[in-house]
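Chemist: Each chain is listed here by its residues.
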Amino acid sequence: EPEVTQTPSHQVTQMGQEVILRCVPISNHLYFYWYRQILGQKVEFLVSFYNNEISEKSEIFDDQFSVERPDGSNFTLKIRSTKLEDSAMYFCASSRTSGSFDTQYFGPGTRLTVL
Amino acid sequence: AQTVTQSQPEMSVQEAETVTLSCTYDTSENNYYLFWYKQPPSRQMILVIRQEAYKQQNATENRFSVNFQKAAKSFSLKISDSQLGDTAMYFCAFMKLKAAGNKLTFGGGTRVLVKP
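Residue numbers (my numbering), protein chains in the order written: chain G, 1 to 115; chain U, 1 to 116.
One chain only, chain G, in its complex shape:
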């Protein structure tokens, strides 16, 4: 069964450093998402991406964040200058449509630790 994959599984970085989190969505999916989950808290939406542009972003997704689909398979989340409060689990998700049968399938997550 096709699945969403994410690398790395765990990333440790120093405050102020740039990180890139990578995702490979399911191959025939057209919509891509990033969510994050701070330890012990709810899962929060960051951004959705369709047709090579952001379709919606939350207030969390400020200028420090960017997303890109550099080729036909990868979908990346870049944090330009990490802060301590960026420490969280980051989930990538993808869906085939945004219509009646849209179901978002999640990757296993990347745990980001900012020291």
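Please keep in mind that the hints were generated in silico from the structure rather than gathered at the bench.
Keep in mind that this is a model prediction, so the values were computed, not measured.
Any given hint could be a false lead.
[As the list claims (entries may be wrong)] Computed, partial: chain U to chain G, Cβ under 8 Å:
1. Arg43
2. Met45
3. Leu47
4. Arg50
5. Gly101
6. Asn102
7. Leu104
Ideal placement from N, C-alpha and C gives every residue a C-beta, glycine not left out.
We have chain G already, so just place chain U on it with the hints.
Modeler: Here is chain U on its own, set in the frame of chain G:
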């Protein structure tokens, strides 16, 4: 903005018994979808079941079923014949229809512990 509330932070159930998790939501939308996701200790988010708001019939998926009360904005999950592998965090989520890129709004989660 939509909000999703799960009022039970933690529940425990004996193996083979039934447990019901509650979820309420607030929205002014008429067309939307509701989901339950499971997050085991591995922390991967796994879809358990979903419900389209325009369908009156409650969704079922093997041992998992929902009680969807649209007027009350309630969407509870029933796990029947609980198994040890059901131990996980369960998140209720709301999604409204959009032209592109439907975000999920999650509740705070309910931790379920299945005891042998």
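Chemist: Against the earlier hints, flag every one the structure doesn't satisfy and list their numbers going up.
Modeler: Those not satisfied: there are none.
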